[in-house]
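Order-wise, the sequence lines are chains A and B.
So the first sequence is numbered by my numbering: it starts at 1 and just counts up by one.
So the second sequence is numbered by my numbering: it starts at 1 and just counts up by one.
Treat each hint with caution, since some may be false.
What the hints assert, rightly or not - Each computed DSS-like pair below joins lysine-lysine, with the alpha-carbon atoms no more than 25 Å apart:
1) A:Lys41 x A:Lys102
2) A:Lys41 x A:Lys13
3) B:Lys84 x A:Lys13
4) B:Lys153 x B:Lys16
5) A:Lys19 x B:Lys334
6) B:Lys84 x B:Lys70
As the list claims (entries may be wrong) - Not everything, but these chain B residues come out facing chain A in the computed CB check (under 7 Å):
7) Asp44
8) Met300
9) Ile309
10) Trp311
11) Trp315
12) Trp318
13) Ser319
14) Arg322
To be clear, the hints were calculated from the coordinates, so they are not data collected in a lab.
Being a predicted model, the structure only gives us computed values, none of them experimental.
In this text, a Cβ means the ideal position worked out from N, Cα and C, and glycines have one as well.
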Amino acid sequence: MGKTIINVGRPDKLSFWEKLYLPEIIRGLMVTMRHTLTFPKVTVEYPDERMEVHPNFRARHRLKTREDGSLRCVACYLCATVCPVQCITIEARESADPEIEKEPARYEIDLARCIFCGLCQEACPKDALELTPAYELAEYRHSQLLYDAKRLKTEPEVLPTKKELVGR
Amino acid sequence: MNTTEILIRVIALVIKLAVAILLTTGLIPVLIWIERRGAGFMQDRLGPNRTAIGNISMAGIVQSIADAIKLIFKEDMVPRDANKVLFAIGPMFALFAAVTAFAVIPFGPDVHVMGYTISMAVADLNVGMLFVLAVSSFGIYGILIGGWASNNKYSLLGGLRAASQMISYEIVMGLSLVGIFMIFGSTSIVEIVKSTDKTFLWGLLLPVYQLPAFIIFVVALLVESNRIPFDMAEADAELVAGFHTEYSSMRFAMFFMGEYVAMTVGSALIVTLFLGGWQFPGINYLMRQNQWIGLLCGFMVFMIKLFVILWLYYWTRWSLPRFRYDQITRLCWKYLFPIGLANVVVTGIVLLLIQKI
């Protein structure tokens with residue numbers, strides 16, 4: 001984000017003014033005072049406001065659907081094969097649609113194991129799987145992190161990024 | 001002394017004690033809050049602002065109360081091989097010494113009640129400043145005893161580091177005040193503040209007249225209260241916590257409180273000795289009009305000055321890197337000590353010249 005890098009060297013010899021130390025202390029104090037009076041601060045007060053992540057941010061998966069609402073996935077197992085941590089479980093069955101050969105009977109992603117590398121979404125030939133920026137995935141139980149097709153189908157809710165609570 | 005005088009003096013003493021204890025221990029939550037929020041602001045953060053009782057957060061001041069509750073309910077651990085008695089006495093000493101030193105600091109002008117003059121220091125000693133120097137040295141015992149009784153090498157080393165630096169700077173601190181004693185011809189803090197009126201621009205000229213002494217005193221107080229840039233005792237950035245490594249719960253909190261009270265007392269000393277305490281232009285007029293309003297204004301002025309100096313503590317803490325150990329002792333013995341001596345000599349000569357003219 002356009003941060004400039006300042007190389008700070010160590011001077012070989014200090015001048016008399018610097019050796020006095022006191023003026024340099026005052027200079028240092030002025031730096032902190034400038035920062036004290038600089039607003040706004042960089043803090044993001046997390047539950048009330050959130051950092052805006054890049055739209056390509058890789059977090060919770062989403063299974064895309066066709067226009068009629070059925071999964072675009074054709075149960076080709078490519079994602080399950082490419083997954084480095086083997087967190088994707090697929091069970092295939094014959095599709096009712098004569099145009100399409102297979103569809104997943106079961107499609108589960110274990111988010112507790114997922115490393116969000118995004119290889120599954122790259123491997124998918126049907127563009128049926130994508131990683132969304134929804135990163136708030138904490139749950140109380142491991143079993144709740146086992147996402148089935150029904151949960152993976154849902155659009156992740158858009159969380160507010162602006163501050164809602166005031167007066168803090 | 002007749003009965004009414006005794007009664008008035010006792011009531012006044014109780015009120016003064018309450019104010020003194022409130023100003024020392026009662027101020028600690030506020031000080032911690034200022035420190036943490038101030039540190040946050042200096043580092044472009046917000047600092048703790050989310051702790052709230054119900055919906056009352058008071059900009060985060062509740063955080064200090066939460067900290068206190070946490071410390072009270074923590075388990076009080078005593079190491080198996082520790083000296084149990086000394087282990088208990090250490091933190092008491094640290095806090096006791098710091099709070100007691102506040103006794104001689106006046107926080108307002110004298111008031112007259114039914115013909116009796118009541119000074120606004122808990123104890124108006126004629127050797128007030130010497131008392132402060134003596135009592136604040138007790139704080140070292142607290143730290144040393146705590147470090148030794150823990151039976152832990154880190155604690156012992158931390159205690160030693162603290163003790164050696166504090167003892168060195170005690171001398172410099174006393175020396176820097178000699179100039180002030182010479183100017184006012186008194187060691188009573190109450191007298192010194194009373195004399196700091198128009199001739200010294202209500203205290204504003206004193207740091208100018210005694211600039212070397214002022215700087216030495218501020219530095220020495222920073223060392224005495226073990227704050228960064230002189231926190232060799234604790235060095236929390238890279239060492240084990242130092243003398244309070246083995247302390248937990250309220251015993252640790254007492255060391256902590258001792259440090260903060262020492263800061264308050266140190267700031268109060270700077271304010272009373274060098275910045276004129278409760279003096280401000282027009283206080284004499286106010287006192288003649290209504291002494292209670294005068295007292296209140298004097299107290300407010302004292303508090304404002306106190307907080308300005310306290311802010312200086314935090315400001316330096318979050319701005320400066322720590323001194324190396326040899327640098328601290330060199331600064332003390334090779335620079336501050338000679339400057340302090342020279343200050344005494346020059347002050348003496350100037351005072352003599354003024355008397356001759």
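Is the hint on arginine 322 (chain B) kept, meaning its closest Cβ partner in chain A is under 7 Å away? Hint violated; arginine 322 (chain B) Cβ to chain A Cβ min 13 Å, cut 7 Å.
Status of the tryptophan 318 (chain B) interface restraint (C-beta, 7 Å, chain A): 6 Å, holds
Hint check: 7 Å Cβ-Cβ cutoff, methionine 300 (chain B) to chain A: 24 Å, violated
Does the alpha-carbon distance linking lysine 84 (chain B) and lysine 70 (chain B) stay inside the 25 Å limit? 23 Å, holds
Checking one constraint from the list: CA of lysine 84 (chain B) to CA of lysine 13 (chain A), max 25 Å. Satisfied? 52 Å, violated
Hint validity - isoleucine 309 (chain B) Cβ closer than 7 Å to any chain A Cβ: Constraint on isoleucine 309 (chain B) not satisfied, violated at 14 Å.
Satisfaction of the serine 319 (chain B) interface hint, Cβ to chain A closer than 7 Å: 4 Å, holds
Does tryptophan 311 (chain B) pass the interface hint, meaning its C-beta sits closer than 7 Å to a C-beta of chain A? 10 Å, violated
Taken at face value, is the distance from the CA of lysine 13 (chain A) to the CA of lysine 41 (chain A) at most 25 Å? 36 Å, violated
For the hint on tryptophan 315 (chain B), just tell me whether its beta-carbon gets within less than 7 Å of chain A. It holds, given that the least Cβ distance between tryptophan 315 (chain B) and chain A is near 6 Å, below 7 Å.
Distance restraint between lysine 153 (chain B) and lysine 16 (chain B), which requires alpha-carbon spacing of 25 Å or less: 42 Å, violated
Given aspartate 44 (chain B) as an interface hint, is its Cβ closer than 7 Å to any Cβ of chain A? 5 Å, holds
The structure shown violates the earlier hints numbered 1, 2, 3, 4, 8, 9, 10, 14.
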